[in-house]
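Student: What the sequence shown shows, in our numbering, is residues 1 to 444, in sequence order.
Rather than coming from a laboratory, the hints here were simulated on the basis of the structure. Careful, some of the hints might be misleading.
With a straight-line Cα cutoff of 20 Å, these simulated SDA-like cross-link-like pairs (lysine to any residue) come out [as the list claims (entries may be wrong)]:
1) Lys384 x Ala403
2) Lys305 x Ser287
3) Lys274 x Arg290
4) Lys428 x Ala403
5) Lys305 x Asn239
6) Lys305 x Val286
7) Lys305 x Leu224
8) Lys384 x Leu364
9) Lys428 x Ser414
10) Lys305 x Val252
11) Lys368 x Lys305
12) Lys266 x Ala403
13) Lys129 x Asn154
14) Lys305 x His372
15) Lys219 x Ser283
16) Lys219 x Asn154
17) Lys266 x Ser287
18) Lys129 x Gly147
19) Lys368 x Ile289
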Amino acid sequence: MRRLRHHPITFLNVRENPKKIKFVLDRAFTRFFPNRENDAHSATAMSLPLRPPHSAMTLKPLCVDELENQLSKYGSLKRLYFYHHQLTTVFRNTMFGPEGRPQHCCAWLSVASSFPECASSVVPEEVTKIGRDAVLYVESLVESIMGGLEDLINILDSEGGFGSLETQLLPEQAANLMNLTSRISVLQQNPQKWHSVFSYQAMRAILKMINLSNVSHSKLIVQLEAAMQRLTNLCSIMNDMEPICVLHHVFVLREYMRDYNLGNFKRRLLTVLKIDNDFQRPSVLVSLIRRHTAIVHLAEQHVSKDLTHGIWEILLTETFCGPLSSLHLFEKPAEQHTGSATEAFCFKSTRPVGGYFAQSVTALRELKAFVHIFGTYGVDRLDKMIREHTAALLNCIDTSLRANHENLEAVARSVHSSDKTEIEANIKQIVIMDTIVGFCIQAG
Numbered sequence: 001m002r003r004l005r006h007h008p009i010t011f012l013n014v015r016e017n018p019k020k021i022k023f024v025l026d027r028a029f030t031r032f033f034p035n036r037e038n039d040a041h042s043a044t045a046m047s048l049p050l051r052p053p054h055s056a057m058t059l060k061p062l063c064v065d066e067l068e069n070q071l072s073k074y075g076s077l078k079r080l081y082f083y084h085h086q087l088t089t090v091f092r093n094t095m096f097g098p099e100g101r102p103q104h105c106c107a108w109l110s111v112a113s114s115f116p117e118c119a120s121s122v123v124p125e126e127v128t129k130i131g132r133d134a135v136l137y138v139e140s141l142v143e144s145i146m147g148g149l150e151d152l153i154n155i156l157d158s159e160g161g162f163g164s165l166e167t168q169l170l171p172e173q174a175a176n177l178m179n180l181t182s183r184i185s186v187l188q189q190n191p192q193k194w195h196s197v198f199s200y201q202a203m204r205a206i207l208k209m210i211n212l213s214n215v216s217h218s219k220l221i222v223q224l225e226a227a228m229q230r231l232t233n234l235c236s237i238m239n240d241m242e243p244i245c246v247l248h249h250v251f252v253l254r255e256y257m258r259d260y261n262l263g264n265f266k267r268r269l270l271t272v273l274k275i276d277n278d279f280q281r282p283s284v285l286v287s288l289i290r291r292h293t294a295i296v297h298l299a300e301q302h303v304s305k306d307l308t309h310g311i312w313e314i315l316l317t318e319t320f321c322g323p324l325s326s327l328h329l330f331e332k333p334a335e336q337h338t339g340s341a342t343e344a345f346c347f348k349s350t351r352p353v354g355g356y357f358a359q360s361v362t363a364l365r366e367l368k369a370f371v372h373i374f375g376t377y378g379v380d381r382l383d384k385m386i387r388e389h390t391a392a393l394l395n396c397i398d399t400s401l402r403a404n405h406e407n408l409e410a411v412a413r414s415v416h417s418s419d420k421t422e423i424e425a426n427i428k429q430i431v432i433m434d435t436i437v438g439f440c441i442q443a444g
């Protein structure tokens, strides 16, 4: 090993010196992930020998550019293709671990563009196979990154995240806390400005609005700060990454991030509509949408994409009941049915006993919240559906009364009758008709 360190080995083909190449890559992996020595799962998955802990402690993690220089004596990053399965495992264990480094892990995506260079031009099948492996490698890593991004957002947008702060803070205080944390993430990128403009004591002064004497509250704040820091770091890194070109495929993480964010918002919107067998009250739904939108705004500060506009497009799409072309959106998918959220929210209750969830739009406070969520398109849809259901209700009552026309006439004739038996029979008919009309009203 000493002789190998002092006399670099030059190779052109992995088939010539596989053991020597493996030694170089093992050494590079160990330097790049010095904290993985104690992770038995990672070591087993990689199946690579690791350096002793005492020597690894003296090394710092390398970026991909430094790793390229490290391997330039022996080969290049394209040789990592032969370890792409281990790369995927190390990526997942490292990025989302307690000490995850997204700025290092995301950089491994750019390695895939050099994988096809390992293919021999003499063997056409090898070009296809390596290219396919490179594309699958990128897709797998992108899926893991976006899954982690969604998990971070969903953790913050949960009852254990910012939802728990709502029970401890007033809305104005919670807004100040979120703005403060976003300022911290921006200022930390400039250390001099960070120390001169904002201090740790200033941050703690705001957090004292919560009863931090409770240990659980203090831990909650620390966890939320860590999650927000990871979210902003991940968004910044993905926004700054260059497009990844693998053969004829181009991967732009900014576009993936926008699509996944908006898709996650739509799924959560349709999920929070229902609670058990009923629908969420509009006032509560407004609070949930605002909370999620605030988290998206935090991520949007580090992304060169207009996520807010996409959120409003989703709300319009889920609200509007006419053709989508009338909304003048940037993207106009054909044959897309819209208005599902409004229709489900208004009159599609799943309660076992009949009846529509009309209380959500009859109370003034709830009606204002409904208008705030769905806007004028939702109000038009609501007005149309109310007219349709009111007409159906009146038609049902009218049909019931017409079916009992003879009984009603008999009751009218017996009003001034002195026959006790006839009066009792007519009273029973009135009770029956009252029950029928009551069922009609309950169903409507």
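Student: Can you name, in rising order, the numbers of the hints this structure does not satisfy?
Tutor: Hints 1, 2, 6, 7, 11, 12, 13, 14, 15, 18 are the ones this structure does not satisfy, whereas the remaining hints hold.
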